[in-house]
Amino acid sequence: MKKIVLTGGGTAGHVTPNIALLPALKEAGYEITYMGSYDGIEKKLIADFDIPYVGISTGKFRRYLDPKNLTDPFRVIKGFAEARKFLKQYNPDVVFSKGGFVGVPVIRAAASLGIPCVIHESDMTPGLANKLCIPVAKKICCNFPETLKLLPEEKAVLTGTPIRTELSQGNKLAGLDMCGFSANKPVIMVIGGSLGAANVNKAVRETLPLLLEDFQIVHLCGKGKIDNLYLSTPGYKQFEYIKAELKDLFAMADIVISRAGANAICELLALKKPNILIPLPAASSRGDQLLNAASFESQGFSIVINEDDLTPQLLADKVHELYFNRQNYHDTMSKSGQMDSVKTIMGLLDEVQQA
Numbered sequence: 001m002k003k004i005v006l007t008g009g010g011t012a013g014h015v016t017p018n019i020a021l022l023p024a025l026k027e028a029g030y031e032i033t034y035m036g037s038y039d040g041i042e043k044k045l046i047a048d049f050d051i052p053y054v055g056i057s058t059g060k061f062r063r064y065l066d067p068k069n070l071t072d073p074f075r076v077i078k079g080f081a082e083a084r085k086f087l088k089q090y091n092p093d094v095v096f097s098k099g100g101f102v103g104v105p106v107i108r109a110a111a112s113l114g115i116p117c118v119i120h121e122s123d124m125t126p127g128l129a130n131k132l133c134i135p136v137a138k139k140i141c142c143n144f145p146e147t148l149k150l151l152p153e154e155k156a157v158l159t160g161t162p163i164r165t166e167l168s169q170g171n172k173l174a175g176l177d178m179c180g181f182s183a184n185k186p187v188i189m190v191i192g193g194s195l196g197a198a199n200v201n202k203a204v205r206e207t208l209p210l211l212l213e214d215f216q217i218v219h220l221c222g223k224g225k226i227d228n229l230y231l232s233t234p235g236y237k238q239f240e241y242i243k244a245e246l247k248d249l250f251a252m253a254d255i256v257i258s259r260a261g262a263n264a265i266c267e268l269l270a271l272k273k274p275n276i277l278i279p280l281p282a283a284s285s286r287g288d289q290l291l292n293a294a295s296f297e298s299q300g301f302s303i304v305i306n307e308d309d310l311t312p313q314l315l316a317d318k319v320h321e322l323y324f325n326r327q328n329y330h331d332t333m334s335k336s337g338q339m340d341s342v343k344t345i346m347g348l349l350d351e352v353q354q355a
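Take 1 as the starting number for the sequence shown in this note's numbering and just add one per residue.
These aren't lab readings, by the way, just hints derived from the structure by calculation. Take the hints with a grain of salt, since some may be wrong.
[Said to hold, decoys possible] As a list, the in silico DSS-like pairs of lysine-lysine whose alpha-carbon atoms are at most 27 Å apart:
id, residue 1, residue 2
1, LYS2, LYS172
2, LYS138, LYS155
3, LYS44, LYS26
4, LYS44, LYS225
5, LYS3, LYS131
6, LYS172, LYS225
Please build the complete structure, drawing on both the sequences and the hints.
Here is the structure:
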């Protein structure tokens with residue numbers, strides 16, 4: 001039996017693509033172990049899948065002044081030693097990292113033992129953690145054509161992000177029933193990200209009078225972000241967060257309004273959902289969502305609205321524009337080369353073991 005170690009963590013976006021690979025890995029006969037931080041979100045998310053979990057010490061590499069910059073390097077060194085000890089004993093055939101700082105000591109330790117490594121970069125420009133892994137990785141997966149120019153040519157492969165197969169197996173009628181919606185009126189799905197997005201939430205609610213005449217709206221607004229003023233508004237349904245039933249909401253949605261996190265937009269691409277992206281502004285991030293959104297717009301997958309320009313009238317106009325042109329967006333997404341990422345990544349895992 002072949003053995004693989006998966007790693008990646010810090011945020012759900014560094015874990016869910018690994019989870020999406022699990023069925024294919026099991027079908028291919030892999031014995032799977034997950035390596036992450038002692039108590040990070042990755043440990044909680046992987047607990048549902050009956051996979052051995054190995055915790056190691058981790059630290060963050062920061063570009064800004066912080067007292068933890070003095071201590072975290074020692075945590076990373078400790079994590080490297082812990083990872084190397086386990087990997088030497090376990091002797092996996094390959095290691096796959098979805099990114100995040102927990103992956104750095106694991107990939108570096110694996111490479112020091114001659115274990116082939118494949119890493120995945122979600123965003124348009126490589127983050128610092130992956131930059132530290134690129135020199136020792138055998139292959140680097142990425143989501144955007146523009147990223148290929150920023151990576152070593154012989155290592156870079158455009159794969160897209162693995163998404164959970166169940167997301168494409170939703171039941172539209174179950175979604176309509178869950179929301180109390182009619183089958184005779186189109187549905188907008190609004191996704192603010194795992195923590196919600198205050199400015200997007202506010203803009204959507206201010207636009208309700210302009211949208212509810214023509215659409216029904218299901219709004220995933222984030223924990224603690226439900227607005228009680230709108231609880232009884234016909235055609236508008238709010239949820240803090242949806243897990244198992246998300247597939248049914250996707251099946252129900254005609255168009256989607258979303259932030260531009262890499263995993264979120266790759267799910268929209270895989271599901272061929274026409275979408276409006278409202279990326280997180282540069283002031284609130286390293287600017288990766290702006291770049292992600294610009295790429296999807298240039299490829300014809302999305303309409304982009306900058307948060308600074310967001311008004312109820314603009315949002316309503318763009319929603320109507322998207323809806324009336326939705327088939328064009330669907331057809332363009334259907335032709336993308338970033339669709340079958342699980343199959344592509346599985347091929348790379350085999351390739352690096354044979355090199």
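Evaluated hints:
no. : hint               : verdict
1   : LYS2 with LYS172   : violated, 39 Å
2   : LYS138 with LYS155 : holds, 6 Å
3   : LYS44 with LYS26   : holds, 20 Å
4   : LYS44 with LYS225  : holds, 23 Å
5   : LYS3 with LYS131   : holds, 26 Å
6   : LYS172 with LYS225 : holds, 25 Å
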